Structures are given as C-alpha cells and as structure tokens.
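K.L.:
Could you put the whole structure together from the sequences, leaning on the hints where they help?
As given, the protein sequences belong to chains A and B, one line each in that order.
For the first sequence, position 80 (counting from the first letter as 1) is numbered 197 according to my numbering, and the numbering increases by one without interruption.
For the second sequence, position 99 (counting from the first letter as 1) is numbered 216 according to my numbering, and the numbering increases by one without interruption.
These aren't lab readings, by the way, just hints derived from the structure by calculation.
Computed from a predicted structure; not experimentally measured.
There's no promise every hint is true.
For identical chains, the list gives no copy identity; a pair is met inside one copy or between any two copies.
Derived lysine to any residue pairs resembling SDA-like cross-links, with alpha carbons at most 20 Å apart [said to hold, decoys possible]:
1) K181 / G154
2) K233 / P336
3) K181 / R160
4) K233 / D343
5) K233 / D349
6) K181 / R124
7) K233 / G359
2 protein chains.
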Amino acid sequence: MRDLAGRPDLCAINTATLGFQVPIGETIEAIARHGFGGISPWRREIESGDVAAIARQIRDAGLKVASYCRSTFIPAATPAQFRANVDDNRRAIRDAAILGAPCFVMVVGGLAEGSKDLALARVQVEEATAELLKFGREMGVRISLEPLHPVYAADRSCLNTMAQVSGICDRLDPEASDDPWLGQCLDVYHVWWDPDLERQIARAGRRIHCFHVCDWRLPSRDPLNDRAMMGDGVIDIRAIRGMVEQAGYRGFVEVEIFSELDWWCRPIDEILSTCKTRFATAC
Amino acid sequence: MRDLAGRPDLCAINTATLGFQVPIGETIEAIARHGFGGISPWRREIESGDVAAIARQIRDAGLKVASYCRSTFIPAATPAQFRANVDDNRRAIRDAAILGAPCFVMVVGGLAEGSKDLALARVQVEEATAELLKFGREMGVRISLEPLHPVYAADRSCLNTMAQVSGICDRLDPEASDDPWLGQCLDVYHVWWDPDLERQIARAGRRIHCFHVCDWRLPSRDPLNDRAMMGDGVIDIRAIRGMVEQAGYRGFVEVEIFSELDWWCRPIDEILSTCKTRFATAC
Numbered sequence: 118m119r120d121l122a123g124r125p126d127l128c129a130i131n132t133a134t135l136g137f138q139v140p141i142g143e144t145i146e147a148i149a150r151h152g153f154g155g156i157s158p159w160r161r162e163i164e165s166g167d168v169a170a171i172a173r174q175i176r177d178a179g180l181k182v183a184s185y186c187r188s189t190f191i192p193a194a195t196p197a198q199f200r201a202n203v204d205d206n207r208r209a210i211r212d213a214a215i216l217g218a219p220c221f222v223m224v225v226g227g228l229a230e231g232s233k234d235l236a237l238a239r240v241q242v243e244e245a246t247a248e249l250l251k252f253g254r255e256m257g258v259r260i261s262l263e264p265l266h267p268v269y270a271a272d273r274s275c276l277n278t279m280a281q282v283s284g285i286c287d288r289l290d291p292e293a294s295d296d297p298w299l300g301q302c303l304d305v306y307h308v309w310w311d312p313d314l315e316r317q318i319a320r321a322g323r324r325i326h327c328f329h330v331c332d333w334r335l336p337s338r339d340p341l342n343d344r345a346m347m348g349d350g351v352i353d354i355r356a357i358r359g360m361v362e363q364a365g366y367r368g369f370v371e372v373e374i375f376s377e378l379d380w381w382c383r384p385i386d387e388i389l390s391t392c393k394t395r396f397a398t399a400c
Numbered sequence: 118m119r120d121l122a123g124r125p126d127l128c129a130i131n132t133a134t135l136g137f138q139v140p141i142g143e144t145i146e147a148i149a150r151h152g153f154g155g156i157s158p159w160r161r162e163i164e165s166g167d168v169a170a171i172a173r174q175i176r177d178a179g180l181k182v183a184s185y186c187r188s189t190f191i192p193a194a195t196p197a198q199f200r201a202n203v204d205d206n207r208r209a210i211r212d213a214a215i216l217g218a219p220c221f222v223m224v225v226g227g228l229a230e231g232s233k234d235l236a237l238a239r240v241q242v243e244e245a246t247a248e249l250l251k252f253g254r255e256m257g258v259r260i261s262l263e264p265l266h267p268v269y270a271a272d273r274s275c276l277n278t279m280a281q282v283s284g285i286c287d288r289l290d291p292e293a294s295d296d297p298w299l300g301q302c303l304d305v306y307h308v309w310w311d312p313d314l315e316r317q318i319a320r321a322g323r324r325i326h327c328f329h330v331c332d333w334r335l336p337s338r339d340p341l342n343d344r345a346m347m348g349d350g351v352i353d354i355r356a357i358r359g360m361v362e363q364a365g366y367r368g369f370v371e372v373e374i375f376s377e378l379d380w381w382c383r384p385i386d387e388i389l390s391t392c393k394t395r396f397a398t399a400c
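P.N.:
What follows is the structure, given as structure tokens:
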C-alpha cells in the first residue's frame, strides 16, 4: 500500500469540495499552491469559459486533470429528451479531451420524470453508455461510470453497486486492456456499506478509473450535501484504499466533499489545508 | 397474483404506521373495525403491558398477529454489551411466543459505538442470529432478518441486501423446510433500488416471512421518517408484490409507514381508511 505521508502530489482535489466559492482560475492557483498533484473540475466551471485557456492554466500550474465531472442525466421520458441528454454528454466529452482529462465521470441519473420504471432507466443508461464509450475512444477519453449510493436511486443514479457497473463494463467492453476505456469511479461514500465490496473491488481491478474519498457523517443531516472530511465519519477509508490498491489502482486519491452545512462555509485555504492533512492521516 | 380488491383481510397494519398516538388497546380495536386481517405490534406497546391480555384482545378482535417488531440492536463494543443485547432479544422472542406471532422481526443494528468495523458488526449479527434461531425454534417463533436500506448501514442495520441475508440463512439454516425457521422480512422501501432484486426474491423463496409496503417519497426530507403512503412515491409496489408472490409468498401485505412529517400527524381513522384504499389500488 502506498505511503501517503508527505505526498500531496498523489492527491487530487475535486473542485466541488471548495463549494464553487471562487472562479476556476483562483481555484487552480490555490490547489497548486497547496502542493496537490491533481484537479477534477466541474462542467459549470468550464462550459462558461475558454476551455483551452483553462486547460493551459491547469498545465502551467503544474497540475494534472484527474477527471472531468460530470455527465448530464440520461434517463428520459421521450426519445427526443434521451437524444438531447446523450448529445449533451458528447459535448462534455469533447471538452474533456481539450482539458486533457483521462476520464469523464458519469453520474447517470435516476428515474425519468414521472416514471417508476427503474429497469427502463437502467436500459437507457446502458444504451447511452455504449454510444458514449465509442465517442470517448475517438476522443481519447475514458468513460467512468460512478455507482451512487442506493439512497439516490430515484433521483440521481440508477447505477447503485459496483457489481451492477461491472456487469455493464463486461457487456459493453468485454476485451478490456490494462487501461480500459470503460470503467468505474469508486467513491467510498457510495460503496462503503456494500457487503460484497472486497470481492467487487477485486473484480473491477483495472476498471477502477478514479478513487474518491470523503466520509460518512453520523448522524447525517442530508444524504447529498452533508458529507464529512476524511476522518470525521465512520468509513474505514484506509481499508478500502488498501483493497483498491491491491486491485492495481495507482492513480490519484481524489477528495470530493459535498458539505453545504460545514466545509462550503469555510475559506478555501482552510478547506485545502485540512484536506492535505487528512489525506495523509485518515486515508 | 392475488387480487387485493375487497380483501383488507389480506392486509396487516404495522402499528408504527399510526405513530403510537393511542394505547395498544385502542389500536387493536381500530384496526379490527376497519376490517384488516392482521396486526404487527411493537415492543414498546407490549413490554409495558400484560402480554397475555393483549394477545387475548388481538384474538378476540378477530385479528392475527403478523409479526412482532423488533429486535434490540446486536453489535456491541464489549462482550458484556453483546450478551445483554442478545438476552434482550431472547426476552422479546418469549413475548412473541405469548402473542402468537409467527415471526420476530430483526432489525439488527449498525456499527457498534465508536467502531468503523462493519465486517465485525456483521460477524456479531450472525453469531447472535445463530443463538436466537435456536431459541426461536424452542419457542415456536421464526426469526426474520430484515435487510435495511444501505442508508442505514452506519446506525440501524449492517444487513443491507437480500443477497446478504440469504447468505446468512443458507449458512445458519441450510435445511430449510417449506416454512423455514430463519428467513427475511422484505420491505419494498429497503430493497426497491436493488439491481438484483428479481433474482434475489426468487432465491429467497419461502424464506420471505413478511412483505412490508410503503412508498419512497421524492424528494425525501428524511430517509428514516419521511416514508410515503403507497401510491404517493416512486416504487412500483405491484411489480415487487408480483415477484414475491411468484416466489411463493401467500402471507399478509403489511403496511408500515414511518411518517413523522405527514401521516403521524393525522387521526388514526384517516390513516387506516387511506391504507385500506391504497392497499387495494396501489399494491
């Protein structure tokens, strides 16, 4: 297992962690100043700006793009809406390529508006993924499906376990290379409860494109935006990182914390210095 | 699939649905008056009273006990606390026998106080279940493990999928009869998201001791106590009932709704008449 002490270069900061308090330019400079190695920007920060210029600023700051967040939700009540959702993601993948992002993170969406048909949502997601995988290969961007905690099945993601995502990967990309075009984004917050976790991490192996950390606060005041700083919750993050590295993962440990009630209210330098400490002591 | 129209005798009311607004005696009379067939009382209503007298009142009202809710949480930081938790459940199983409850519902608890070791919690639960299964057989009470939604893994239940519970059942009670002593309590709220649901229901088969219904409100204001009346959420309850009956289930459809912000604020007669209507139209 890698020793993370004194190695913030192995850590990437997902910009959502900073609560989008400052423009992307300031965010890039701050993340670099604190010595982190990677950044994962969000589309809201990129699509309103000059993508190539932002990509250049990230490179010039000495940072690598860890991933690009995230997909437009897929499931739709009409074929036209489904098409629009997929096309939106094609545009985002094009931006990911300009950014030099190795992968595009897909948070796929839950039930279509007014629907109770979770199986249908899952079929739509698989169909869209097949198309986006093909486009991603053309653009040199890997597609990373993120299984989300089952608490989001209705409204944010109908992909809810690593096993489910591995099934999709096996069907759509059966001949995986050492660096597969289709894989998963593993976030401890979403998978820590899974009784089958160790086996599923081993099964996913090199399909694990990204490894996200934060913590599960107890009690949780909100399943979406009350995530904790690593070490402040009940997840045994180090144990999960051990499994992930055992499976061959050597990429960034990426900090992604949605914390409307706590961290997002703090200055970004305080957030970043705490991330740096906890990355070394609690991951 | 059974036709539920005009058959409230196939419906059981879990008394938590009424928010414990009135004493158990009144609850029994109201449930019987509305024509339901079953009742599932909670320990808080039973342990402070005369168990045998309550059992008699339930029988005299023409109701059957569907199940007895629920276990003391198992995982513990010390052997003494573990022992106390198991013993508490033995006492409850004795009461279940006096009530004539066919099964004792086990909501097993999450992490022990101060622990991050979910695997250990699960080992403790399996050990306790083995002992309680043995005691349940002596007392004529089946043990029904309830997998809870993964959102509760930390604080309410480290059993989070039907597959996980089936694994425990296979290990502890390998020679299941047509009416197995160890089984599961399936609540649509906890399992509706599971990508493997249909297969796991078929696998559980006659191990499905109870079938609970309510609905998943969108947006949910609180994962614990903001459950919806059947038909007011996004769960395709009828589809799940179809799978459960296909697997051989012929017991009660039991209504259990935790709704602090809505139903628990209403008069119990309004709750019960709505349950009766929705049981026939939305299950």
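K.L.:
Please sort K233 with D343 into within, between, both or neither, judging by C-alpha distance up to 20 Å.
P.N.:
between (27 Å within a copy, 19 Å between copies)
K.L.:
Which holds for K181 with R160 at a C-alpha limit of 20 Å: within a copy, between copies, both or neither?
P.N.:
Cα proximity of K181 and R160: one copy only (17 Å, versus 57 Å across).
K.L.:
Given a CA cutoff of 20 Å, do K233 and G359 count as a within-copy pair, a between-copy pair, both, or neither?
P.N.:
Classified as between; 15 Å across copies, 38 Å inside a copy.
K.L.:
Measure nothing new, just compare the shortest in-copy and cross-copy C-alpha distances for K233 and P336 to 20 Å and report within, between, both or neither.
P.N.:
between (29 Å within a copy, 14 Å between copies)
K.L.:
Using 20 Å as the alpha carbon limit, work out where K181 and R124 are close: within a copy, between copies, both or neither.
P.N.:
This pair counts as within: shortest intra-copy Cα distance 15 Å, inter-copy 64 Å.
K.L.:
Checking K233 and D349: alpha-carbon separation at most 20 Å within a copy, between copies, both or neither?
P.N.:
between (36 Å within a copy, 11 Å between copies)
K.L.:
State whether the alpha carbon distance between K181 and G154 is at most 20 Å within one copy, between copies, both, or neither.
P.N.:
Only inside one copy: K181 and G154 sit 6 Å apart there, 64 Å across copies, limit 20 Å.
Taken one by one, the earlier hints all hold for this structure without exception.
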